[in-house]
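A.B. asks: Letter by letter, the chains look like this.
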Amino acid sequence: MELEEKALIRSLQKSSTREFAFTQLVRKYQEALYWHIRKMVVVHEDADDVLQNTLIKAWNGLDNFRGDSKVSTWLFKIATNETLSFLAQKKMKAAINGEEYETELIAQLKADSYFDGNEAEKKLQEAILRLPEKQRLVFNMKYFDEMKYEEMEEILGTSTGALKASYHHATKKIAAYLTESV
Amino acid sequence: MTQEENQIKAIAGKRNPYKVPEGYFEHPTFRIPSPAESGSRKKGRFHSYLIGAAAAALILLVSLPMIWWNHEQELKAQEEYELYLYSQMDESTFYDLYFTNY
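So the sequences go chain by chain: A and B. If you count by the working numbering, then the first sequence holds residues 1 to 182, one letter each, in order. If you count by the working numbering, then the second sequence holds residues 1 to 102, one letter each, in order.
It is worth saying that the hints were derived from the structure and are not from the lab. No experiment lies behind these values; they were computed from the predicted model shown. Take the hints with a grain of salt, since some may be wrong.
Said to hold, decoys possible - The calculated DSBU-like cross-link candidates involving lysine-lysine, where the alpha carbons are at most 30 Å apart (straight line), are:
1. A:28 with B:76
2. A:91 with A:172
3. B:9 with A:164
4. A:148 with A:6
5. B:9 with A:110
6. B:19 with A:122
7. B:14 with A:172
8. A:134 with A:77
9. A:91 with A:134
10. A:6 with A:93
11. B:19 with A:164
12. B:19 with A:70
13. B:19 with A:91
14. B:14 with A:91
Claimed, not checked - On the chain A side, residues computed to face chain B include the following (Cβ under 10 Å):
15. 30
16. 125
17. 149
In this text, a Cβ means the ideal position worked out from N, Cα and C, and glycines have one as well.
If we strip away everything but chain B, and leave its shape as in the complex, we get (with noise of 0.2 Å):
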């Protein structure tokens, strides 16, 4: 024994001095899980499993649709551009544009 260790027990001993309510050890609360406690609990993580992947599929569902509407308004928008453009060009410069360039 060290040093430390006799000072430690000169001073405050080795007892425990913690105590229990009287006739805890006597009636022990502790009754195993019965199979289908268990199996509930199994069933609960695997609907766990089952709510994420029907909500990713929801989201992929919905979103694709929304991803292809926007590509389409993008090209549309891009279209009218170039046709107001046109539209705002004299014949010259629109004639210039074509036989100059290409």
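With the rest of the complex left out, here is chain A (with noise of 0.2 Å):
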């Protein structure tokens, strides 16, 4: 673990400190969560309520955190629990009022003014709609984010193997998916 990210933990931990260190870490990784977030919520709104949810879940669960893992790590674990949470919700609401909430997903991209793709970068992002959580979230911290598996290994608990065929099939399906609509 490198000295930095050790001070910052000794910083969190300490009452003191502990604001002030809180404050760094919100200005240090909000940008990163934030489009971990959006890429799964779409819309930017929505995308800032469950960034809100998470750096309140990330201050209240201070105490909780040892350091085991990288501080990044452990934020970006909450982001994901909180993203995955919120899109459940959306899906029941979707389901009681007999929609799915994919074909919503698809239909706010379309009509959201705070995305500036071009024709294909709209297909990719549609193709990316539709495959399942766990694969949308897989692709876009390997293809986006260029995240190694290990990381993505702690932060959705998979094991490496398991992402790799995730994002195989992910690929597979994308492919497909942009090549019959050129």
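Hints given; two lone chains; assemble the complex.
C.D. replies: Laid out in structure tokens, this is it:
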């Protein structure tokens, strides 16, 4: 573990420096966390809500953070859990109304004013939104963020083998969708 | 990089196509919750437990006398029914019933 990381963990554990250290932590990781969430929930306002909840959960759970993993891994783990529970709630609401949440997400993507992708990029996002949630997460983390499988393993609690298989399936489905629609 | 990855990259690239409102990352909206807020959350949770316990105690308090009253009523009805049966018997049946069975 790097010296800087160790110092940060020490500051987070001390009550006198906790607030300052956490503010630094938010500054350092909020953008990466936001994009991790946004690619899953699509809409900016939803991503902002989930990010706020993630940071509140992290702040309230500081006493439970023992420094066994990297701070960033711990934060991404919380963000992933928050995102998945947000999506589960949305899915449940959509099911009650007899709709499919994936279709709703694609419609939201098309109407999103905070999306400036070209046609091919839009198609790629559509293909990603058609994947099962875990595959979407794996694909985004590997393809866009170029995250290592070891780190993904810690965040998602899934073995490297399973992650590789998941990524392989995701890329196959996406490539097929893109080549079909071109 | 696999063949599929190359295909995806060639068609759609790797750029993040989403954007945020101007200045979103420069002016973060998150603020650390004050101890009072955390306290009120804890207090709120304790409060709901307390309400639950009070409701359970109230239900118990109301239902216990009702159960007891029902039981008393059942006994009373049974007694009345037996008295009615006896009143319908003639003397010889009553005599037979008591002196042959007991």
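A.B. asks: To test your reading of the hints: which numbers does this structure violate?
C.D. replies: 1, 10 and 17
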